[in-house]
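> Fit chain B to the known structure of chain A by using the hints.
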Amino acid sequence: MGDWMTVTDPGLSSESKTISQYTSETKMSPSSLYSQQVLCSSIPLSKNVHSFFSAFCTEDNIEQSISYLDQELTTFGFPSLYEESKGKETKRELNIVAVLNCMNELLVLQRKNLLAQENVETQNLKLGSDMDHLQSCYSKLKEQLETSRREMIGLQERDRQLQCKNRNLHQLLKNEKDEVQKLQNIIASRATQYNHDMKRKEREYNKLKERLHQLVMNKKDKKIAMDILNYVGRADGKRGSWRTGKTEARNEDEMYKILLNDYEYRQKQILMENAELKKVLQQMKKEMISLLSPQKKKPRERVDDSTGTVISDVEEDAGELSRESMWDLSCETVREQLTNSIRKQWRILKSHVEKLDNQVSKVHLEGFNDEDVISRQDHEQETEKLELEIQQCKEMIKTQQQLLQQQLATACDDDTTSLLRDCYLLEEKERLKEEWSLFKEQKKNFERERRSFTEAAIRLGLERKAFEEERASWLKQQFLNMTTFDHQNSENVKLFSAFSGSSDWDNLIVHSRQPQKKPHSVSNGSPVCMSKLTKSLPASPSTSDFCQTRSCMSEHSSINVLNITAEEIKPNQVGGECTNQKWSVASRPGSQEGCYSGCSLSYTNSHVEKDDLP
Amino acid sequence: MNFSEVFKLSSLLCKFSPDGKYLASCVQYRLVVRDVNTLQILQLYTCLDQIQHIEWSADSLFILCAMYKRGLVQVWSLEQPEWHCKIDEGSAGLVASCWSPDGRHILNTTEFHLRITVWSLCTKSVSYIKYPKACLQGITFTRDGRYMALAERRDCKDYVSIFVCSDWQLLRHFDTDTQDLTGIEWAPNGCVLAVWDTCLEYKILLYSLDGRLLSTYSAYEWSLGIKSVAWSPSSQFLAVGSYDGKVRILHHVTWKMITEFGHPATINDPKTVVYKEAEKSPQLGLGCLSFPPPRAGAGPLPSSESKYNIPNAVWVWDIQKLRLFAVLEQLSPVRTFQWDPQQPRLAICTGGSRLYLWSPAGCMSVQVPGEGDFAVLSLCWHLSGDSMALLSKDHFCLCFLETEAVVGTACRQLGGHT
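Residue numbers (the working numbering), protein chains in the order written: chain A, 1 to 614; chain B, 1 to 418.
These aren't lab readings, by the way, just hints derived from the structure by calculation.
Computed from a predicted model, the values in this text were never measured in an experiment.
Treat the hints loosely; a few may be bogus.
Below, simulated BS3-like cross-link-like pairs (lysine-lysine); rule was C-alpha separation at most 30 Å, straight line [what the hints assert, rightly or not]: (1) A:Lys279 x B:Lys321; (2) B:Lys321 x A:Lys350; (3) A:Lys209 x B:Lys124; (4) B:Lys393 x B:Lys69; (5) A:Lys268 x B:Lys256; (6) B:Lys133 x B:Lys246; (7) A:Lys201 x B:Lys246; (8) B:Lys321 x A:Lys199; (9) B:Lys130 x A:Lys246; (10) B:Lys69 x B:Lys15.
Chain A on its own, in the form it takes in the complex (with noise of 0.2 Å):
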């Protein structure tokens, strides 16, 4: 409270001047009008203060107005400014802390009511320019309503003068039309006047011909006549012959004959025409048959009634071949058969075609990505695609990261998605459970196999044991049978190499290292193991000594314990066999160190050494 009164404080002052500002210049309440009335007449003007409220309180009436305003301050819920009072008689004191109060919260007040006018103020404002807006708005739509009206009529105009030109148009044409009639009817009247004068003409010129005629050939003209030396002889060389009925007759033969010979000879061209076709539309049938025959035994499995008649028609028509002479035989039957399953052959070899095709276009869809050599076209195509699915995955991407953002930030502020936060945090948790209960056994599996593992290793290691003993014993053998004891040392390591057959470096270093291990060894205090050693042989009979004490300690001991246990057999492994050098680097440091922190044998410590050096 206190710091937000001398954060206020300045602003108070300077507020409090426009404040007071304000209301002289704008009277508006009317219980402040009236209050200046009351106060004008019975409140004297004091000095200090601002020129009207001076008026209202002067040295005077201090107390006249301390009432007033005492009276004003309870009428509107104030706390009294005058002490509580004691007695009747005494004089009610001021109370400055509550006069402080009433002003401390009427200047409150003022500020809230300030505030308040400004919000209304620029409420008002913004409506005030909303109104324009929407008054400018109107009047625009107003102008368009009528701009459109205006269009509206003239469309309508313009519409009603189109009808009316179509109406005219369309009387034109009816006129036209009538014209056109008119001038055909005239055309035909006219055609049957001049046919009908012509007709006249003609007989006039008839007339006047036959008049010509009789004239002119009537007239027995002399001078119509040949003069010829001597008749020749017909081109034939015949006699010309006396026209009797028969010449007549044997003119029509000869002409029905000429007639007949005509259409005979069309009709032999039809024919061989005909036979013409007819060859190429049995070739036609043959290849077909041909053609669909072999693709026969393929749709018999079909369910297709087109395949159905394939077949029947492939049948029928094969023992149809075979009397061919019946093709020759131009019936209609024939004709009609023979049409009839070309037609059909022919409608299936269609579909066949249209089937081949479709296969095609689809091999060629799929052999698309077999081949190699992809043309342009489709790369490209390709290519848009991808770009496309990239744009729209990043898009994708995008809107997932906008999603998840706006989740961030609303459950910054919102219970409900801390809420379901907490859902999925729980949804998690349990899956993380599962998780964990699923690992677990995932665990227990990987150490009862590492148990096995240890134990066939044990075995393994036994196994060697003996080995290495009968070995031991062989070379025992050997060298009292050989040499003197002075060379046996180096003679031991060659042959050593040349019998393990394993990598040499390795051996040579196990060798080399052999007499600082010695003590160690000796310190485990194997009997079985120093007398090994004073025959000079490999360590790993002790490791595995060592490898079996230490499984059967890892046997009673915890998971960790374990895991060394199985850390630690993978080099005594590889001391053995030198193949397997990555189990020993795949070993994790930390529990190497767990393990060789946790045994006492310095003796495997420097084996795994030796093993991570290559």
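Below, chain B alone, put in the same frame as chain A:
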């Protein structure tokens, strides 16, 4: 290509004999018969007046010379130069004279088409045929010479009479459903007669030899109709040219139109070869149609036509492929064109001093040599297709064509020019 020397000629009267051995030409009132190979004058006949028409008989033994003005026909024999025959039509007048296919009868048409007189050279007999129709092509003989079809007009109706040429017996007489018959034409096989109506109406009728109406074809109505008609040598097609600028091909089995060739102002088909002598664009117009002679092997069977209005172009269609094959645009109007009787080769003259030859291989033009301008107004092929006679107003010369190979090279050489 060689040219003979130039001989005198009048009225464009110069004809090869049907057997291809002789060449008859007229100079005023003299008829000169030459040997085709040597061009030596074999016979010289003198007529009574200026000859207006000559015609060889089918057996190449006689030549008739018609003097229409005097109504006279004189016949000369090659075998017997002293033999003479003079037919006088007297006051009836003469407008046309022709041989019958047997070469022993002469058909004279009197003035006003009053009648046709059939004069026989074998007997004294004279036959008259009344009411022949005065039209463009009123008489037609079958190719074998057996029958003659004659258009007649009686009582304002058209009739066709078919006569047996051997004894001029009337075989058939039937009326045709035409307004005003204009032409008749036998099919080369002699079994179908094409009859077409006046140009006012598009109508073509096909009659069998026995007078049955086989079919009627009309492409359109109310417009100018048929201009010319031509049979294909195989009788399979009938080409009908009409005033609408189109040629319609009818088939002999159905007598329906199988295709229609227009004369487009611009030719878009790249397969069509257009030979242009000049930039001048041709105007549409339709003249006569003619089919080339049949050939032994399969080959293009073009039909062509020239124009009479401003007939600058010759159009050649391939009938096998039913499409336009070539267009020859000439600088000046085409006067005459004629197919080589042996092969698809077309000779064209335009009234200038050049001869134009077209074959599917190409086109060429040849300047006719000789002092002065030899304006080729007409031409006619020799039967063998090896030579042709080029006719001008007052002269004629023979043009000898070389063998195929030489022509080919010549074509190539001259291809640039055309």
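> State for each hint whether it applies.
Each hint tested on the structure:
Note on Lys279 of chain A and Lys321 of chain B: the hinted pairing holds, with a Cα-Cα distance of about 24 Å set against a maximum of 30 Å. Distance restraint check for Lys321 of chain B and Lys350 of chain A: the Cα-Cα separation of roughly 29 Å lies within the 30 Å cut-off, and the hinted pair is therefore satisfied. At roughly 27 Å between alpha-carbon atoms, Lys209 of chain A and Lys124 of chain B fall within 30 Å of each other, so this suggested pair holds. This hinted pair checks out: Lys393 of chain B and Lys69 of chain B have alpha carbons roughly 20 Å apart, not beyond 30 Å.
With a C-alpha separation of about 22 Å, the suggested pair Lys268 of chain A and Lys256 of chain B falls inside the 30 Å cut-off, and the hint holds. Restraint check for Lys133 of chain B and Lys246 of chain B: satisfied, since their Cα atoms lie roughly 28 Å apart, inside the 30 Å limit. Distance restraint check for Lys201 of chain A and Lys246 of chain B: the Cα-Cα separation of roughly 34 Å exceeds the 30 Å cut-off, and the hinted pair is therefore not satisfied. For the hint pairing Lys321 of chain B with Lys199 of chain A, the CA-to-CA distance comes to about 46 Å; that exceeds 30 Å, so the pair is violated.
Taking the CA atoms of Lys130 of chain B and Lys246 of chain A, the gap is near 24 Å; set against the 30 Å cutoff, the hint holds. Taking the CA atoms of Lys69 of chain B and Lys15 of chain B, the gap is about 21 Å. The hint holds against a cut of 30 Å.
Of the numbered hints listed earlier, those contradicted by the structure are 7 and 8.
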